[in-house]
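A.B. asks: The chain contents come next:
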Amino acid sequence: MEGRPLQDPELIELAREGDVRAYGELVERYRDLAFRTAYLITRSAAEAEDAAQDAFVKAYYALDRFRRQEPFRPWLLRIVSNEAKNRVRSARRREGLALRLAEGGPSGDAGPSPESAATARETQEALLAALAALREEDRLVIAYRYLLELSEAETAEVLGVRPGTVKSRLSRALGRLRERVPAGLALAGPETDDA
Amino acid sequence: MPELTPLELERALAGLAGRIEYPSTPALAPAVTARLAAERRGGIRPPLPGLALWTRRRLLVAVAIGLLALLGIAAAARLAIGALEIRVVPTLAPSPTVTPLPEAIGRTVTLGEARAGVGFEVRLPRGLAEPDTVRIFPSPFGDRSLLLAWTDPSLPPLEGTPWTLVLLELPGDEEYAFKLVAGEGAVREVEVGGRRGFWLEEPHHLVLETPTEVQTYRVTGNVLVWDAGGGLALRMETAQPLDEALALAETVN
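Chains as they are written, first to last, in the numbering used here: chain A, 2 to 196; chain B, 86 to 338.
Check each hint, because a few of them may be wrong.
As the list claims (entries may be wrong) - Cβ-Cβ distance ranges computed for the label pairs, FRET-style:
| # | chain 1 | residue 1 | chain 2 | residue 2 | range |
| --- | --- | --- | --- | --- | --- |
| 1 | A | ALA47 | B | PRO242 | 49 to 57 Å |
| 2 | B | ARG192 | A | ARG68 | 29 to 37 Å |
| 3 | A | ARG177 | B | PRO238 | 33 to 41 Å |
No wet-lab data here; the hints were simulated from the structure. Keep in mind it's a predicted model, so treat the numbers as computed, not measured. The beta carbon of each residue, even a glycine, is placed where N, CA and C say it ideally should be.
The following block holds chain A by itself, in its conformation from the complex:
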């Protein structure tokens, strides 16, 4: 039957009634975010896959505890985050965060020159390296806010802290990140200030 895609609350209600296919749609909708959240914590694609899969299964069986008026995404990501952290604790293994930049430049109205694109890439790679070297608490709050683009409230929910704490924690983490970024790097952001 043709029609508009079902919204999260509708899919959740169907899943609560035992409709596994409806739950599969929710999984499909959030799989990228769940996997990336787990990956940022476990730093391993295989562990992240297991953590995300287990988290989706746990979330299914916990659906009747989910409050209908609340957004599904942060609730789910909290379960994913717990699952991923438990795996890290069990494995007692620390791998380097192997984030890489995608090939090609950022999309925009005007393409940068090859030279400025190379400089921007250099800056972003230096930022990623500095980010990977931060301690977990700093790394995750920055990654949730800027790499996964979660809101402050969502970040608070996933970290299990208050929104005010996210602000202060993020501020401290950015300060420590700045200290690690080599001086003299060219700015590479979504907007630039024209001189």
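Given chain A, put chain B in place with the hints provided.
C.D. replies: Positioned in the frame of chain A, the structure of chain B alone reads:
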């Protein structure tokens, strides 16, 4: 050249969001739905999430509750804050557990270990020294909960214990801590820092569920439970009256 300003750093980070090359996301939906279907076929878990909770977990709690209060499950009211639920029951039977709570649950850790080991920000009352006892215990859902106890002599003693204050920090949305109180009059709704809370003055029972067991405690002190935000429920046991307990709770962060 100067280093990046805070604003430039934030812009640069914002520019990274769409540029990261993550490992490709596996096809999770078929794997998850296949697992759910297989568990249903194999009878490992029931088909409905709500039923699963009853059969897999809450039945255990219901048995414990039933033993304590013969007609308890037919409670008139259900009040919940995150992981903590208050059940109003007609009568309380004597509790089978006599060991004071801080000695009976989880394992002792240092405050530093607790901070590193729980997945949330540990909350402490301002103006008190560090707790004398810190114990960590698991919930059935993978969260790590915390029990903190003080012998601070500036607070009135809790009857029958060496402590003057006991604080439970319970993360998560799914209930694994239950308070059984006799009669609705025993529960008073309050606010702590603008968030919902409940005050219990009469003796009641606390049922704590871990992955392996259900423990029941008889509580004689006054108890304040409240929503601390960020998915954390706090439970403070004290011999103080309500106004002093609220003032102390307002400092917990």
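A.B. asks: Determine for every hint whether it applies to the structure shown.
C.D. replies: Going down the list of hints, with the structure as the test:
no., hint, verdict
1, ALA47(A) to PRO242(B): 49 to 57 Å, "53 Å, holds"
2, ARG192(B) to ARG68(A): 29 to 37 Å, "32 Å, holds"
3, ARG177(A) to PRO238(B): 33 to 41 Å, "40 Å, holds"
Of the numbered hints stated above, none is contradicted by the structure.
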